[in-house]
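Colleague: Next come the chains, spelled out residue by residue.
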Amino acid sequence: MSIMSYNGAAIMAMKGKECVAIAADRRFGIQAQTINTQFEKIFEMGPRLYVGLPGLATDVQTVSQRLKFRLNLYELKENRHIKPKTFLSMVSNLLYSRRFGPYFVEPVIAGLDPKTSEPFIASLDLIGCPMITEDFVVSGTCSEQMYGMCETLYKPDQEPDDLFETISQCLLNAVDRDAVSGWGGVVYIIEKDKVTKRILKGRMD
Amino acid sequence: MSERYSFSLTTFSPSGKLVQIEYALAAVAAGAPSVGIKATNGVVLATEKKQKSILYDDNSIHKIELITKNIGMVYSGMGPDYRVLTKSARKLAQQYFLQYQEQIPTSQLVQRVANVMQEFTQSGGVRPFGVSLLMAGWDEAEERPYLYQCDPSGAYFAWKATAMGKNFVNGKTFLEKRYSESLELEDAVHTAILTLKESFEGQMTEDNIEIGICNQDGFKRLSTAEVKDYLASVQ
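Protein sequence lines correspond, in order, to chains Z and A.
For the first sequence, counting from 1, position 166 maps to 165 in numbering that gives the first Met the number 0; every step adds exactly one.
For the second sequence, counting from 1, position 10 maps to 9 in numbering that gives the first Met the number 0; every step adds exactly one.
Mixed in with the good hints there might be a few duds.
The list that follows gives simulated cross-link-like pairs (lysine-lysine, DSBU-like), each with its CA atoms no further than 35 Å apart [said to hold, decoys possible]: (1) A:Lys51 with A:Lys68; (2) Z:Lys114 with Z:Lys191; (3) Z:Lys200 with Z:Lys154; (4) A:Lys196 with Z:Lys76; (5) A:Lys219 with Z:Lys84; (6) Z:Lys76 with A:Lys68; (7) A:Lys159 with Z:Lys84; (8) A:Lys68 with Z:Lys84; (9) A:Lys51 with A:Lys90; (10) A:Lys68 with Z:Lys191; (11) Z:Lys114 with A:Lys159.
Sample of chain A residues lacking proximity to chain Z, with all beta carbon distances greater than 12 Å (derived) [to be verified]: (12) Pro13; (13) Ser52; (14) Lys68; (15) Ser106; (16) Gly124; (17) Val168; (18) Asn169; (19) Glu180; (20) Glu185; (21) Glu197; (22) Thr204.
Derived CB-CB ranges, DEER-like [unchecked claim]: (23) Z:Arg197 with A:Asp138: 37 to 43 Å; (24) Z:Tyr146 with A:Gln100: 22 to 28 Å; (25) A:Asp228 with Z:Glu74: 40 to 46 Å; (26) A:Asn114 with Z:Gly100: 49 to 55 Å; (27) Z:Lys193 with A:Val115: 41 to 47 Å; (28) A:Val168 with Z:Arg98: 51 to 57 Å.
Please keep in mind that the hints were generated in silico from the structure rather than gathered at the bench.
Computed from a prediction, not measured in an experiment: that's the story for all the values here.
Note that beta-carbon positions come from the ideal geometry of N, C-alpha and C, so glycine has one too.
Please work from the sequences and hints to get the whole structure.
Modeller: Okay, structure coming up:
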């Protein structure tokens with residue numbers, strides 16, 4: 000029994016042309032038993048900043064709450080919205096502070112810079128090692144499958160609608176090869192002027 | 000066996016004043032003059048550094064100190080208290096960087112330093128700092144200069160131009176007349192020197208004043224040679 004696969008999850012984020020997409024599965028289960036098929040794993044941290052948290056469900060909730068706490072204080076003190084790169088450092092700092100008793104989550108960040116609207120995606124491991132990429136990031140129990148799908152289907156500088164199609168196919172086909180991920184999907188397309196949330200219909204098994 | 004007082008030594012007078020803070024401000028007003036001017040493209044800090052004897056090695060001790068690449072500060076008041084605050088400010092700036100991997104904005108550093116100063120007016124067994132600080136910084140994100148003053152009480156103010164220490168009232172009056180929004184850094188340095196000159200007794204040389212400038216390239220304390228050049232254009 001591995002702690003990271005106790006609940007099961009699949010999250011990915013992709014960069015497009017002046018937009019980013021972040022997608023997650025919707026299953027909440029305890030080992031083989033599925034409990035909820037509408038479990039939220041992507042959390043809004045700012046008007047154009049989202050974080051996806053796969054891993055142990057209790058830590059998914061605690062980390063998202065503690066991050067929001069830190070972020071709220073930051074925005075009140077500094078009187079400005081946080082930059083995605085700075086948020087990455089904040090998450091890294093939070094996770095490393097528990098270096099020897101970690102939160103069992105491996106976050107994925109997707110957002111647009113509040114001033115320049117430049118797209119940003121990144122991921123971290125459970126002890127806070129940050130990784131910024133230019134194309135896509137994946138995290139979860141079926142990360143290998145997600146890497147395969149993204150590597151095959153990804154194209155840079157896609158328009159928001161095309162990016163949506165790409166990320167949806169990557170997610171759905173990857174979770175179909177994982178017993179503990181799936182039961183539907185949710186995709187956020189983050190653009191300069193709007194954020195669109197779409198629910199994916201997939202294999203419910 | 001208490002190593003610390005549990006009560007604050009800064010207490011209210013019947014008229015509602017914190018007398019210790021008033022006395023601290025008096026210590027500042029008796030200190031060497033310092034001046035700060037914000038220009039369109041930077042900030043200048045200048046201070047008098049008169050030594051009591053010619054035997055002093057002028058260039059070993061500095062009043063204008065760098066806190067981060069983009070922020071510097073100067074004081075009027077008690078030198079030893081200032082050293083404690085520069086150490087504290089540098090540590091606070093680095094703590095911020097460790098957490099956010101981003102240089103601390105000037106206003107954030109000012110708030111944190113002012114908070115330290117306030118703690119010393121409400122903690123057990125300590126006295127307020129006998130300095131007022133002038134903090135100058137360049138904000139990279141907003142691409143603009145900032146000038147702040149921190150008082151012993153912990154209050155902080157954002158200034159376009161200000162003077163502290165001996166004769167600060169005259170200094171401020173002088174600046175009110177001379178300051179303009181369109182001042183550029185070079186002119187601001189010139190004006191700062193003139194402001195210091197108003198209260199200067201004796202001959203101003205590159206060894207008895209210190210000047211620091213802050214612009215988009217960061218904060219820099221001018222060398223004695225550079226100060227000499229500016230002085231030449233004044234007298």
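Colleague: Would you list, in rising numerical order, the hints stated earlier that this structure does not obey?
Modeller: 4, 15 and 26
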